[in-house]
Amino acid sequence: MLRFHSHLLGALIDELQVFADTGTGWNPVATVQPGAQTSAASPWTLNEIQLPAYAGTTVRFRFRGLKDNSFNGWAELAIDEFGVVAAPVPICTAPSAVTATGIGVTGATINFTPGGGVTRIAYGLAGYVPTNATSAANGIASPYPITGLTANTTYQVYLKDSCANGLASAWVGPLTFTTQPCPAVSANFTSAVVGMNVILSAQNLTPTNTYQWTVTNSSGTVVASPNSGSTTVPIAMQGTYTIRLIVANYCGNSDTVQTTVNVCAPLSGGFSYGVNGNTVTFASLANNANGVVWTFGDGGQSSATNPVHSYAVSGPYTVTMKAYNICGDTVTASQVVITCTNPTAEWVANVLSSNGAGMRVQFEAGPWCSPDVVGYQWLFGDGTQGFGANPIKTYAVPGLFYNVSLIASNDCGGTDTLTKSLRTVGLDEVSVSALWYPNPAASGQWISSPSDGDVAVYTLTGQRLAWPQRADSGRVLVQVPEYCPAGVYVLWQGGQAVRLTVK
5 MLRFHSHLLG ALIDELQVFA DTGTGWNPVA TVQPGAQTSA ASPWTLNEIQ LPAYAGTTVR
65 FRFRGLKDNS FNGWAELAID EFGVVAAPVP ICTAPSAVTA TGIGVTGATI NFTPGGGVTR
125 IAYGLAGYVP TNATSAANGI ASPYPITGLT ANTTYQVYLK DSCANGLASA WVGPLTFTTQ
185 PCPAVSANFT SAVVGMNVIL SAQNLTPTNT YQWTVTNSSG TVVASPNSGS TTVPIAMQGT
245 YTIRLIVANY CGNSDTVQTT VNVCAPLSGG FSYGVNGNTV TFASLANNAN GVVWTFGDGG
305 QSSATNPVHS YAVSGPYTVT MKAYNICGDT VTASQVVITC TNPTAEWVAN VLSSNGAGMR
365 VQFEAGPWCS PDVVGYQWLF GDGTQGFGAN PIKTYAVPGL FYNVSLIASN DCGGTDTLTK
425 SLRTVGLDEV SVSALWYPNP AASGQWISSP SDGDVAVYTL TGQRLAWPQR ADSGRVLVQV
485 PEYCPAGVYV LWQGGQAVRL TVK
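In the numbering used here, the protein residues as written are 5 to 507.
Worth flagging that the hints you see were computed from the coordinates, not collected in a lab.
Some clues are possibly wrong.
[What the hints assert, rightly or not] Restraint ranges, calculated between C-beta atoms of paired labels, are given here: (1) A470 <-> L289: 53 to 63 Å; (2) G457 <-> L383: 27 to 37 Å; (3) D72 <-> N136: 40 to 50 Å; (4) L289 <-> S358: 54 to 64 Å; (5) S258 <-> L289: 43 to 53 Å; (6) N443 <-> V297: 57 to 67 Å.
Think of the CB as a built atom: it goes at the ideal place given N, C-alpha and C, for glycine as much as any other residue.
Whenever a hint applies, use it, and build me the whole structure from the sequences.
Laid out in structure tokens, this is it:
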């Protein structure tokens, strides 16, 4: 080490240059700047110049003073106590006072007092051995943050300084610390259905957490998968949907929660119906319904979409259909339905006269039809028609070959049609009815006919019956069978007919 004192006084001094030569030429080794001395009494300046590059060699030294560009003035430049002495062993001071603060789940802050050079940091898991090659960073300053650590894990930190001339301190450490455990995550959310939209809101939102939703229909198909804390999901089709939320934090913990919601389109109701007698066919007109419940007004119920219901008696009934969906919405519709039993048509006929002017026939339906009949329409078999309970018809051509139809109707729209031939109801009945005795007759009773010809027995619908017969004194006796239903029957003998009433 070169050591000397210098005293530089004067305004013209620029600097004092120091050179060294080992035989290969002069090389600058130091420069002394003026300004330390302001008077002749100012203390001298001690200069110590490290010369590690010249160790073990013979060296010559040269001092050269330089003035500035001024022309006028004075200066005093002096050196003293010049010598070459052994220099102390150079060292590189290591960092000190190393601590860790702000220890979190994934990071910590390293604090230290710098050493004599540039500070390098290295860290790893417990048992880590530091090297320059595995160091994390060089040229750091205190405080220095470490990030990207694993939760609930022990780390060891080392520091060292690098100085000039290839000098370096030893590694300082280890500084040991353990990161905080990863906090638990709790998934929770609220949902609201507004029309065909599901509004989802995760609870206790945290910026460092992630939120992943899945919305699945009843078939298992994912229809939406948003990834924000709050979202609105439009639904295309009504039904039951499973909502699942997965919340994960920055250090890997997660939690899952799910629920189901029902989404329903607007519900509408109403129904139509058709009446056939006392049987009514109903048809639901409900839209977006998951089911219907019918009450028929007579104590009967049904959950079929389009039920058929039969009423015991005719009458007006208040029918109600309630449509419902899976969301709990209901729509009720009611209508008054009038049912109607079909009437029973029946008729008889009497020939009033038959001559060249035609055949006049008295038709009679009023006493023979069911009591609810209010309308009578006749088709007389000759292309004409008539109305009324007991019309009189004049046929231009007399004969028994006419097929006559009666269409009976009641006040609720029911109808019944009965067609018979005039042969089955008889002609000239007025003139011959008194010759049959007894009339009316009872079951099991024998009836005397006016002649000995065979007797044919018919119902009013034209069905021929086999009643017992026997001859007696030029007449034929006909027996009404036991348990014969009461009613009117037609007896034919010798081309003439008569009505027989069985009591």
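Inset, instruction - Provide an ascending list of the numbers of those earlier hints which the structure does not satisfy. - result: none
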